[in-house]
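Asks: Given next are the chains, with one letter for each unit.
Protein chains: 2
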Amino acid sequence: MVDIIHRIGIKAPISKVYAALSTAEGVAGWWTKETTGESKPGGTIKVIFRSPNGDEKGKMEFEPLKLNPNQEVHWRFKSGPAEWIGTDVTFKLSQDGDATLVVFGHRNWREAVEFMAHCSMKWATFLLSLKEFVETGRGKPSPDDLKIDNWN
Amino acid sequence: MVDIIHRIGIKAPISKVYAALSTAEGVAGWWTKETTGESKPGGTIKVIFRSPNGDEKGKMEFEPLKLNPNQEVHWRFKSGPAEWIGTDVTFKLSQDGDATLVVFGHRNWREAVEFMAHCSMKWATFLLSLKEFVETGRGKPSPDDLKIDNWN
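Quick mapping for you: the protein sequence lines, in order, are chains A and B.
Under the numbering used here, residues -13 to 138 are what the first sequence spells out, in order.
Under the numbering used here, residues -13 to 138 are what the second sequence spells out, in order.
Just chain A, with the same shape it has in the complex:
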């Protein structure tokens, strides 16, 4: 099993970062505008990604397994690209003065395939989008996300 890990600091209270990760409305502000469903353990969140011209580029479903206010968010992927099924996304939050630190993980990939390298780069750009969204109110969720290579 192999993991993608990233770390980012956001100049905002921890509760504001937690809200952006723990609610469908929050996730729609930085990952993909098409985020729907119930964000609670046992619930399902569905996300759809599109190219700027509206073509569907991918869709996935995850269960928010753990929602510990202002501490930790843990998602498990139920459907989507074959490589993602059964993988976990975790966000661990901590206070750092007047900023919030986020340690991100996309964990339990079966192999370090080239698609994982693409996703690692893409997650980094979405974490920059999360930072912008929380700090300024405006992120770059799909379909306005930064395109990084021929896979999107």
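It is possible that some hints are incorrect.
For identical chains, the list gives no copy identity; a pair is met inside one copy or between any two copies.
[Unchecked claim] Below 27 angstroms or equal to it, Euclidean Cα-Cα: the simulated BS3-like pairs (lysine-lysine) are:
hint, residue 1, residue 2
1, K126, K64
2, K64, K19
3, K26, K126
4, K43, K(-3)
Derived from the structure by calculation, the hints contain no laboratory data.
Given the coordinates of chain A, assemble chain B onto it according to the supplied hints.
Replies: Positioned in the frame of chain A, the structure of chain B alone reads:
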């Protein structure tokens, strides 16, 4: 041993991307302006990173172990942060129509420590800087690099 991996596409000929990775002048255009030394197997490249006010934030030395024109660049770190010594950075290049794909690796970390998560995020921003540098002639090398958290 654990690895950071990323993938990015650059709209430029492969020879231009290779030049940005295989020469000290090239590396100075996207990683840190203070890049000096001999870029050849057996040689040493020294890089120094500073904050915008000029304080030294870090320095490292690596040997360019492999320089395969338009295919692969491989660095081995000889000095720098303890976690980096003995680790390898690899860039594998391939043509994709009129673009160049780069598969990046920072390989052989002893443990997936939080500093590795910081470096993964930071490498992603430097790869965006490489893309900008090659595509437009202007990257964001240190000390003009994007600051991502409390570690820089």
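Asks: Next step is simple, just say for each hint if it's right about the structure.
Replies: Quick rundown of the hints versus the structure:
no., hint, result
1, K126 / K64, "within (25 angstroms within a copy, 38 angstroms between copies)"
2, K64 / K19, "within (20 angstroms within a copy, 45 angstroms between copies)"
3, K26 / K126, "within (24 angstroms within a copy, 40 angstroms between copies)"
4, K43 / K(-3), "between (32 angstroms within a copy, 21 angstroms between copies)"
Hint check: no violations occur; every hint is consistent with the structure.
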